[in-house]
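Visitor: From first to last, the protein sequence lines stand for chains P and R. Take the first sequence: its position 105, counting from 1, is numbered 105 in the working numbering, and each next residue is one higher. Take the second sequence: its position 167, counting from 1, is numbered 167 in the working numbering, and each next residue is one higher.
Honestly, the hints are just simulated from the structure, not real lab data. Certain hints may be false.
[To be verified] When the alpha-carbon atoms are kept at most 27 Å apart in a straight line, the in silico DSSO-like pairs for lysine-lysine are as follows:
1) K30/P <-> K97/R
2) K45/P <-> K97/R
3) K38/P <-> K10/R
[As the list claims (entries may be wrong)] Estimated spans, in silico, between C-beta atoms of each pair:
4) I7/P <-> A19/R: 54 to 64 Å
5) A51/P <-> V237/R: 47 to 57 Å
6) V236/R <-> K30/P: 50 to 60 Å
7) F79/R <-> A57/P: 22 to 32 Å
8) D198/R <-> I7/P: 21 to 31 Å
9) F26/P <-> F241/R: 29 to 39 Å
10) V149/R <-> D37/P: 14 to 24 Å
11) L218/R <-> D48/P: 48 to 58 Å
12) I7/P <-> R90/R: 52 to 62 Å
13) D37/P <-> G177/R: 25 to 35 Å
14) F79/R <-> D37/P: 16 to 26 Å
15) I7/P <-> V149/R: 21 to 31 Å
16) K45/P <-> V237/R: 16 to 26 Å
[Claimed, not checked] These stretches of chain P come out as covered by chain R in the derived footprint (C-beta under 8 Å, 3 or more residues):
17) 5-17
18) 20-31
19) 74-83
Just so it is clear, CB atoms sit at the ideal spot from N, CA and C, and this is done for glycine as well.
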Amino acid sequence: MPLNIDIQQILLHALNFVILFAALWFLLYKPIKNFIDKRESEYKKAADEAARKLKEADDALAGLDSALAEKEEAAKRERGEILAEAQKQYSEKIAEAEKEAERIVGDAKAEAEAIREKAIKASKDDISELAVESVGKAVMSSAGEAFEAFLAAVEKEEKHE
Amino acid sequence: MAGDNLSKKKKIISAAIFAAVIILLLVGIILIPGQEKEPIKEAMRDGVLHERAKISLFGLSVNPGLISAYAVSAIIILFAIFVRIFAIPRFKEIPGKFQLLLETAVKYFSGLAKQNSPHRNGFLGGYVFTAGVYVAFSTVFELFGLQAVTTEGLSTTLPAPLADINGAIAMGFMSYGVILISGIIYGKAHGAINALKDFSLPISMSFRLFGALLSGALVTDLVYHYLPLSFVLPSVVAVLFTLLHAIIQTYVLTMLVSVFYGESTEEHHKKIKAERK
Chain P
1 MPLNIDIQQI
11 LLHALNFVIL
21 FAALWFLLYK
31 PIKNFIDKRE
41 SEYKKAADEA
51 ARKLKEADDA
61 LAGLDSALAE
71 KEEAAKRERG
81 EILAEAQKQY
91 SEKIAEAEKE
101 AERIVGDAKA
111 EAEAIREKAI
121 KASKDDISEL
131 AVESVGKAVM
141 SSAGEAFEAF
151 LAAVEKEEKH
161 E
Chain R
1 MAGDNLSKKK
11 KIISAAIFAA
21 VIILLLVGII
31 LIPGQEKEPI
41 KEAMRDGVLH
51 ERAKISLFGL
61 SVNPGLISAY
71 AVSAIIILFA
81 IFVRIFAIPR
91 FKEIPGKFQL
101 LLETAVKYFS
111 GLAKQNSPHR
121 NGFLGGYVFT
131 AGVYVAFSTV
141 FELFGLQAVT
151 TEGLSTTLPA
161 PLADINGAIA
171 MGFMSYGVIL
181 ISGIIYGKAH
191 GAINALKDFS
201 LPISMSFRLF
211 GALLSGALVT
221 DLVYHYLPLS
231 FVLPSVVAVL
241 FTLLHAIIQT
251 YVLTMLVSVF
261 YGESTEEHHK
271 KIKAERK
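So here's chain R without its partners, still in its complex pose:
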């Protein structure tokens, strides 16, 4: 009986201490002024347009997104070199976990290419594999919050490369270029017309990527711009959203490229089929 009372008292004291700490922290956060930082409007505008935060790249003044793109590419290529030298020669008939991961990724993208373009998919498989890896890693890249120095001498966080409109446009137009050129090569006139009639495709691809990645970054910026909100929405949620985002964007872009590529190269294969018959 006495033990029960003691335990109850202990619980009440613990709860009171916990509540007091929370209240003190909240009071401190609200009352103590933070460091001077840029207003939210400017932060958001710069997040979209990257007009102020420029970084010098061999004398060129470029957006931080381009530096991110090069950083992501460098990391991926280094990883690929290590895998090529140390892992691939040791591949076994019955794969281990790492080998299985790599094989699954390659098989997923080559399967996607084969499913949408059954006859001409060698190049497409490699393209969607690269695009998928790039989109996924570049989206996750923003989580690391790597810092770079702007031309003004300030520190800026490197964003996801595709949150930079130039990166998204490059990706969209290159994907369209692959579809159009393959359509001309394999689908001849019909393939070219097929690809050309979807002239809005590069714009929609570019802005879909840009909008999707930017919106995620902006919402995260907006939420975490105010310190108290970061308690309401724990950072783990932002991480999970980013990971989910990476998967969705990878799937959407690679799927769209595969479908349109398959459509533009379709006619030629019908002829080949007819000839074979």
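For reference, chain P alone in the conformation it holds in the complex:
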């Protein structure tokens, strides 16, 4: 054969390589590859677990955020309701107070009017009494003089007679 090519030696080389392949496959390549794959799968598993836990934490956080928002909303709503109720009560109290005040003022006015009327009446009575008394006195005094004059006149007449 040209170039000293020898089929038998080619086959011997091939046999050598096949044996080497089998030996390296079982002794080095497969065990090392298995070790690397196992470690990678463990790391991947750990990474997946970490990612899962992170997602769970994120979900929980989102849930908490949502609950917090709901609570805030409820609190806001409740605050609004309380404020509205308070406002209503306030308005009612104010209205009641105003009504009471009006009533008190009305009563006071009525009482004052009654007192005034009573006072006026009393005054009128007093004035009447005073007037009567003064008229009486006046009458009495003028009547006395007249009576005296009459009596004097009578006496005088009697004398004349």
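Got chain P; can you put chain R on it based on the hints?
Guide: Here is chain R on its own, set in the frame of chain P:
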């Protein structure tokens, strides 16, 4: 001042002694005849064809490259056995330097297989790992200059196994066989046709390996055949070239096998994808 003069004088004397030693060595090398050795033409021809230097292997007369191949395989398998028994059971989650080296090698070749053949790469990863380790170690093997006795009773240096054309052909055809068989199994008719249309692949793979490794060995032989040239081109350069060579050849062969394997098994996976959809 006196000290400066003394120092200058000392330097001149040192330089003169150094130059004299170099000149004497060169004169000696040129004038003193070396031992009788084979002419360069014969050495180069034997380096390529291995017609003369044969070694007996269980009664068979084989090229030194085959002995090199067995020696390399034996060393690698022994190393693998030691690693399997003593190192792998002690592997840790956080690797040490040696574990990291082994893991990097395995991950590189399995990654290469996965990158080029994303769905069917289990066997390919193991194959390119073995091929890569074999090519790299067998190229570096020539640096050790192990000696063997030829059938003529002479001493010969064991070459890189793939510098023997038979070793390179075996490697090229086996790689093609892996591509073709995988194409038939996984790619069915399309895969087989895909692999068959690249019928020149085993020849190109074989001769690329053979040519690349042989040329390196021949240039080194040529340079170091003449002793004075070894002073011009220090041996460390040859070592560096060999190491670089080992890396390049490993990369080229494993990359080619992975790419062609990926192409030949491609169609089948499209069908699987379609089925999954």
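Visitor: So, for every hint listed, does it hold in this structure?
Guide: Checked hints:
| no. | hint | result |
| --- | --- | --- |
| 1 | K30/P <-> K97/R | holds, 20 Å |
| 2 | K45/P <-> K97/R | holds, 26 Å |
| 3 | K38/P <-> K10/R | violated, 68 Å |
| 4 | I7/P <-> A19/R: 54 to 64 Å | holds, 58 Å |
| 5 | A51/P <-> V237/R: 47 to 57 Å | holds, 54 Å |
| 6 | V236/R <-> K30/P: 50 to 60 Å | violated, 38 Å |
| 7 | F79/R <-> A57/P: 22 to 32 Å | violated, 49 Å |
| 8 | D198/R <-> I7/P: 21 to 31 Å | holds, 23 Å |
| 9 | F26/P <-> F241/R: 29 to 39 Å | holds, 34 Å |
| 10 | V149/R <-> D37/P: 14 to 24 Å | violated, 47 Å |
| 11 | L218/R <-> D48/P: 48 to 58 Å | holds, 56 Å |
| 12 | I7/P <-> R90/R: 52 to 62 Å | violated, 45 Å |
| 13 | D37/P <-> G177/R: 25 to 35 Å | holds, 28 Å |
| 14 | F79/R <-> D37/P: 16 to 26 Å | holds, 23 Å |
| 15 | I7/P <-> V149/R: 21 to 31 Å | holds, 25 Å |
| 16 | K45/P <-> V237/R: 16 to 26 Å | violated, 51 Å |
| 17 | 5-17 | holds (count 11) |
| 18 | 20-31 | holds (count 10) |
| 19 | 74-83 | violated (count 0) |
Hint compliance for this structure: hints 3, 6, 7, 10, 12, 16 and 19 are broken, all remaining hints hold.
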